[in-house]
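Trainee: Sequences and hints are given; from them, build the entire structure.
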Amino acid sequence: MSERVAIIGVGWVGYRPSTPEVSYKELTYEAAVKAYADAGVNPRRDVDSFITVAEDFIEGTSIFDEYVPDQLGAVLKPVHTIGGDGLHGLATAHMLIRTGQSEIVVVEGHSKASNVVTLPEVTAYAQDPIINRPLGLNTDFIAGMEMNRYLFETGTTLEQCAAVLVKNRRNALRNPLAPYGADLTLDEVLAGPPLAWPLGRYEAAKHADGAIVIVLASEERARSLCDKPVWVIGVGWCNGAPSLESRVWGDVPYIQKAADMAYRQAGIRQPHLAIDFAELDDTYAYKELQHMEALGFCRPGEAGMLIEEGATEPDGEMPVNVSGGSLGMGNLLDANGLARALEVVLQLRGEAGQRQLDEVEVGLAQSWRGVPTTSGAVAILSN
Amino acid sequence: MTSKIKVFPGTPLREVDFKEGKILYRHDEMNGQYAWDTGIGIGSYLAALKEGVLLGSYCRSCRRTVVPPRTVCEWCFRPMNSYIPLKDTGTVNTFSLCYITWDLKRIKEPEISAVIEIDGASPLHGIMHKLGEVDPEDVHIGMRVQAVWKPADEREGAITDILYFKPIKEG
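So the protein lines, in turn, are chains B and X.
Per our numbering, the first sequence runs over residues 1 to 383.
Per our numbering, the second sequence runs over residues 1 to 171.
Careful, some of the hints might be misleading.
Claimed, not checked - Here are the in silico distance ranges between beta carbons for each label pair:
{"#": "1", "chain 1": "B", "residue 1": "Glu66", "chain 2": "X", "residue 2": "Met30", "range": "16 to 24 Å"}
{"#": "2", "chain 1": "B", "residue 1": "Ala274", "chain 2": "X", "residue 2": "Leu124", "range": "54 to 62 Å"}
{"#": "3", "chain 1": "X", "residue 1": "Met128", "chain 2": "B", "residue 2": "Gly310", "range": "58 to 66 Å"}
Stated by the list, open to error - Just some of the chain B residues that point at chain X, by a computed CB distance under 10 Å:
{"#": "4", "residue": "Ala32"}
{"#": "5", "residue": "Ser114"}
{"#": "6", "residue": "Pro134"}
To be verified - Listing some non-contacts, in silico: residues in chain X with all C-beta distances to chain B over 12 Å:
{"#": "7", "residue": "Ser3"}
{"#": "8", "residue": "Pro12"}
{"#": "9", "residue": "Arg14"}
{"#": "10", "residue": "Arg63"}
{"#": "11", "residue": "Asn81"}
{"#": "12", "residue": "Pro85"}
{"#": "13", "residue": "Lys87"}
{"#": "14", "residue": "Ile100"}
{"#": "15", "residue": "Trp102"}
{"#": "16", "residue": "Leu104"}
{"#": "17", "residue": "Lys108"}
{"#": "18", "residue": "Ile112"}
{"#": "19", "residue": "Glu133"}
{"#": "20", "residue": "Arg155"}
{"#": "21", "residue": "Ile162"}
{"#": "22", "residue": "Lys166"}
No lab work stands behind these hints, which were simulated from the structure alone.
Quick reminder that beta carbons are idealized off the backbone N, C-alpha and C, glycines included.
Mentor: What follows is the structure in structure tokens.
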């Protein structure tokens with residue numbers, strides 16, 4: 001059994017609005033080759049278990065496990081697919097190593113969102129088929145209602161939500177992985193068309209294609225293979241009430257619970273002091289503020305002020321989404337959590353190029369599975 | 001056992017109960033549309049089918065020729081080294097006589113699914129297709145077969161550009 005688990009290799013492809021020249025298998029293969037080269041492992045010889053995160057409805061093929069092994073080098077090896085976010089996959093890899101079941105585990109997530117012609121309809125299939133879906137609403141209405149209640153309860157303003165978009169898309173300009181970098185003003189964002197008022201069209205992340213592969217190892221293997229291991233010091237996940245009728249609308253207690261689980265493992269009592277930077281779910285702009293509060297970076301209603309003060313800018317006290325987040329890099333569906341974790345790894349290794357933060361030791365990655373879910377996960381990493 | 005029971009407990013349901021709205025249920029049809037990028041490996045395969053050619057790919061380290069072609073060797077995880085046009089003849093590895101269609105209709109003349117190991121590909125590498133112009137009684141593992149193609153001007157770069165495989169008359 002290994003007490004400590006490290007990320008020893010990362011690989012990625014994308015992110016781009018479409019990738020017509022390659023199949024999802026070829027996209028994933030490219031990311032896997034990079035991750036294995038980075039980790040110095042041969043998947044056929046060294047890797048004990050493989051995990052993919054994917055949703056059958058999004059892939060368009062059911063029992064997606066069957067389509068995974070060849071592009072990862074996992075034929076005739078233990079493989080399973082999780083219908084969850086990338087951080088759920090990371091948590092599973094962590095458990096496989098902690099229990100002693102495996103020493104080296106690979107986690108893979110990809111998005112071929114461009115291939116889903118009727119993505120809004122497919123997304124609507126996450127709504128309750130009997131009492132919600134017959135109303136025929138675009139699933140983004142759930143984000144609009146949540147945002148409305150969040151603003152009502154906390155006094156957060158439309159300007160503060162728009163400021164998240166301005167910050168993240170500007171951050172994306174310094175990230176070569178990000179296709180949606182832009183230099184926008186608050187007025188331009190606020191004058192944009194509505195999506196599900198109070199949510200504006202620009203405040204929902206556009207989709208992107210991409211693949212991310214992460215290699216994890218037990219402490220012993222990590223020390224022998226890797227000179228820059230990034231330690232997984234805490235992971236947590238949680239689901240809230242699924243019902244739209246009786247869920248908490250202004251707050252996200254499941255993120256708070258997931259964070260508590262991760263903080264407990266990491267021995268963190270004051271997250272705003274212990275954590276140097278964070279990559280948070282921002283698939284809708286207001287979510288970044290809501291998530292900061294649920295993670296205990298500040299009190300409810302204070303995240304809006306922090307963004308106005310610039311505290312979450314790359315040079316602020318608590319940089320959030322220096323990568324550009326989903327607003328800047330694109331919504332990668334269930335690969336979102338791995339994109340968040342990838343940026344934390346690159347920053348902790350000092351390999352984030354132009355957007356590298358100074359003197360960072362502990363970073364937090366957080367994900368949410370998107371509307372209509374109350375499903376979230378948190379990972380805390382340290383160099 | 002059940003033959004001893006004269007009356008089963010519970011309320012029986014009849015189709016008319018559903019029609020008359022006495023039983024509440026909700027019917028829905030999914031609008032799931034996808035446009036999969038076929039990519040380099042399978043895309044090349046489909047383009048070759050349009051030309052009436054079966055394309056495989058070769059891995060030098062495993063000395064293996066696979067069909068359909070792929071960009072990565074699933075056994076050694078190295079990139080494939082080259083594409084190789086193969087013959088459109090082969091040998092039945094396994095088959096089944098299917099008396100029920102994909103949408104559950106019973107049929108008298110079976111559809112014959114088969115994996116055909118293509119000549120020139122490595123052993124155990126074949127393509128999944130159907131057999132035709134053959135009496136189901138005569139189909140056997142090890143049977144030699146040949147592709148029957150759609151006319152060239154009707155081929156569109158799809159697996160259905162081959163209609164089926166038929167037996168090769170020996171001698």
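Trainee: Please go over all the hints and tell whether each is borne out by the structure.
Mentor: Cross-check of the supplied hints:
1. For B/Glu66 and X/Met30, the Cβ-Cβ distance of about 21 Å falls inside the hinted range of 16 to 24 Å, so the restraint holds.
2. B/Ala274 and X/Leu124 have their C-beta atoms about 55 Å apart, which keeps the hinted 54 to 62 Å range intact.
3. Here the CB-CB span from X/Met128 to B/Gly310 is close to 59 Å, well matched to the stated 58 to 66 Å.
4. Satisfaction of the interface hint for B/Ala32 is found here, the shortest Cβ-Cβ separation to chain X being roughly 8 Å, below the 10 Å cut-off.
5. Satisfaction of the interface hint for B/Ser114 is found here, the shortest Cβ-Cβ separation to chain X being roughly 8 Å, below the 10 Å cut-off.
6. Annotation: B/Pro134 was flagged as interfacial toward chain X, and the flag holds, the nearest CB pair being 7 Å apart, inside 10 Å.
7. At the 12 Å boundary, the C-beta of X/Ser3 stays outside the reach of chain B, the nearest C-beta of that chain being 39 Å off.
8. Every C-beta of chain B lies more than 12 Å from that of X/Pro12, the closest at about 24 Å, which supports listing it as non-interface.
9. In this structure X/Arg14 is separated from chain B by more than 12 Å, as the shortest Cβ-Cβ distance comes to about 23 Å.
10. No beta-carbon of chain B comes within 12 Å of the beta-carbon of X/Arg63; the shortest separation is about 16 Å.
11. Annotated as non-interface, X/Asn81 keeps its C-beta farther than 12 Å from every C-beta of chain B; the closest such distance is 15 Å.
12. Residue placement check: X/Pro85 keeps its beta carbon more than 12 Å from all beta carbons of chain B (closest about 21 Å).
13. At the 12 Å boundary, the C-beta of X/Lys87 stays outside the reach of chain B, the nearest C-beta of that chain being 25 Å off.
14. With a cut of 12 Å on Cβ distances, X/Ile100 stays outside the contact zone with chain B, its closest approach being about 20 Å.
15. Non-interface status of X/Trp102 relative to chain B is upheld: no Cβ of that chain comes within 12 Å, the nearest being about 15 Å off.
16. The beta carbon of X/Leu104 is kept farther than 12 Å from every beta carbon of chain B, the shortest such distance being approximately 17 Å.
17. With a cut of 12 Å on Cβ distances, X/Lys108 stays outside the contact zone with chain B, its closest approach being about 30 Å.
18. Residue placement check: X/Ile112 keeps its beta carbon more than 12 Å from all beta carbons of chain B (closest about 24 Å).
19. The Cβ of X/Glu133 lies farther than 12 Å from every Cβ of chain B, with a closest approach of about 32 Å, so its non-interface assignment holds.
20. A cut-off of 12 Å between C-beta atoms confirms that X/Arg155 is not in contact with chain B; the least separation is 21 Å.
21. For X/Ile162, the shortest C-beta to C-beta distance to chain B comes to about 21 Å, beyond the 12 Å cut-off, and the non-interface label holds.
22. X/Lys166, annotated as away from the interface, keeps every beta carbon of chain B farther than 12 Å; the closest lies near 30 Å.
Hint compliance for this structure: every hint is met.
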